[in-house]
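A.B. asks: Top line first, the protein sequences correspond to chains F and G.
Residue 135 in this note's numbering is what sits at position 135 of the first sequence, and the numbering runs on without skipping anything.
Residue 222 in this note's numbering is what sits at position 222 of the second sequence, and the numbering runs on without skipping anything.
Keep in mind the hints are simulated off the structure, nothing from the lab.
From a predicted model like this one, the values you see are computed outputs, not experimental measurements.
Treat the hints with care, since some could be wrong.
As the list makes no split between identical chains, a pair holds if one copy fits it or if it spans any two.
With a cut-off of at most 30 Å between alpha-carbon atoms, the simulated DSSO-like pairs for lysine-lysine come out as follows [what the hints assert, rightly or not]:
#, residue 1, residue 2
1, Lys-42, Lys-297
2, Lys-34, Lys-229
3, Lys-193, Lys-255
4, Lys-297, Lys-255
5, Lys-201, Lys-254
6, Lys-275, Lys-229
7, Lys-297, Lys-254
8, Lys-297, Lys-34
Protein chains: 2
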Amino acid sequence: MDLVGDTLQGSQIAGARLIRLLDDEDERGVEALKALYSHTGKAFIIGITGPPGAGKSSLVDCLITELRKRQLTVAVLAIDPSSPFSGGAILGDRVRMQGHALDDGVFVRSMATRGQLGGLSRSTFEASMVLDAMGYDIVIIETVGVGQDELEVVDLAHSTAVVSIPGMGDDIQAMKAGILEIGDVFIINKADKDGVDNLEKQLMTMLHLRDYDNNDWQPPLIKTSALNKEGAESLVDAFFAHRQWQSDRDLLNKKISAREFHFFNEVLRELSSRKVLERVSNSARYQQLVADLEARKIDPYTAAETMLEQSNL
Amino acid sequence: MDLVGDTLQGSQIAGARLIRLLDDEDERGVEALKALYSHTGKAFIIGITGPPGAGKSSLVDCLITELRKRQLTVAVLAIDPSSPFSGGAILGDRVRMQGHALDDGVFVRSMATRGQLGGLSRSTFEASMVLDAMGYDIVIIETVGVGQDELEVVDLAHSTAVVSIPGMGDDIQAMKAGILEIGDVFIINKADKDGVDNLEKQLMTMLHLRDYDNNDWQPPLIKTSALNKEGAESLVDAFFAHRQWQSDRDLLNKKISAREFHFFNEVLRELSSRKVLERVSNSARYQQLVADLEARKIDPYTAAETMLEQSNL
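So here's chain F without its partners, still in its complex pose (with noise of 0.2 Å):
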């Protein structure tokens, strides 16, 4: 297999290939990613997060029904937060979207994550750069809104949209808080039950605290109900509408070469912590470090000081 070629060519074989190389940190995956680097930053990334239950899922599947529609590919990245423990998404990728599974011009990946080298983030911008060198029109992300991790996932997206359904309790209140300053766009679904209209009021209330002026996006707040599959297409257009408007002002190239930037930092990060690491750890001071902590007779701040003061960095 061609795995630079094929991916680039399109093919789900090597593309789903490539992402679980480089999900398990193998060298080949960074290699190729290398080499298909020059054919990113085409697809349009939308990112979709909300809490637990919020019908995110359904959303997107309807989502790629009305993108299909206008004619475009679609990848999504289904980030399943409890695959750190399991070894591998619990949804399967074949459970997910059955209606698309014929559908060439659909992938859909479930993401898992990997240890310490930059977490979910770093495995998310590197799937979604291989989804992008495949050619999909539009790469969705979709997470559930919570940790911070997944939080910064969505940060990868160029435009966000924010799920909130009615009737959940106060973790749900607190949540929305929290996460207002990241969405574009704002979705209430399941908009067929009750308690619509007192979640609009707390939704505009907490929009209008934001600090917004005249040359701010102005995030819509759109109906869904991806049960009745109703919503899709003013969800659609909502995020082709912030995509105009971050061209227009040349927002969108910004926004990606401020993402480039921050993963060579934190690739740099991740590379010379690891060099050091390696060059200490098997020194007789860093062995002498660690058995004075588990007598408890240095604390983890000054031995971590300690050591870096010895190793001549």
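Based on these hints, arrange chain G on the given structure of chain F.
C.D. replies: Coordinates of chain G only, in the frame set by chain F:
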């Protein structure tokens, strides 16, 4: 204020101030923590995790009541996932667990998180050290068990309970499977609601899929109704049984050592990458690479490797 002395005396003002300094990455905080360190290692740290809406806060409230009945002092760290975005906890400490507001034996803190420095798990580790040094018998870490970050936090605990409730959607089921591996105790909260039998059956099935042998701890399944104040006694008994089981096998000390080793490496990693970045980021070569990145002449991986090769590390 004598930050170290007062904290060791159990002063809530000093403890709160120290936690804030650590959260702000203030050097005085780290210095105080070093001085406190030898006084830690006594508290029993309990983790409570579960999805938004599972009633964790009310459950913790009942736990506090039960622990106070047993003459134990309790500190709570409530991890608010939204805080990285709001710049502070949404639910203030004052509005939480008001029933214990006048009780000196109870101390509740909502944790904010910070950016790059090891994130949530390091903040929580440090705060739990402070609470431990203050002399609390029990430290409860309450967190939304979704993101990887939050699950790392729970990994700090000596004993962790996973809370589920009847009648939630697919996302919850997926999450439950993922966090099964971290549960030492399983709680079905809102056990007065419909669907308890079904949930119990599902949890039992999942637990049986775990690969136990006779030497493993067998996690109990406890039903609670935080609203009706039922089940807290059995729950506290379960935590103490797990603690005893671990002490008998010298596993608690091993857990504490492993945690310290982990943070020693984390701090070393962070300090070394920071040192390298400080050194290179003013170089002409770094500026050139950033310009090349912006022009998409180079990918972030090659750029980072190039920088590191030329940094004489």
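A.B. asks: Take the hints in turn and mark each one as holding or not.
C.D. replies: Do the hints match the structure? See the list:
no. : hint              : result
1   : Lys-42 / Lys-297  : between (55 Å within a copy, 15 Å between copies)
2   : Lys-34 / Lys-229  : neither (40 Å within a copy, 58 Å between copies)
3   : Lys-193 / Lys-255 : neither (36 Å within a copy, 47 Å between copies)
4   : Lys-297 / Lys-255 : between (48 Å within a copy, 17 Å between copies)
5   : Lys-201 / Lys-254 : neither (33 Å within a copy, 52 Å between copies)
6   : Lys-275 / Lys-229 : neither (52 Å within a copy, 53 Å between copies)
7   : Lys-297 / Lys-254 : between (50 Å within a copy, 16 Å between copies)
8   : Lys-297 / Lys-34  : between (46 Å within a copy, 11 Å between copies)
Going down the numbered hints, you'll see the structure goes against 2, 3, 5, 6, while the others check out.
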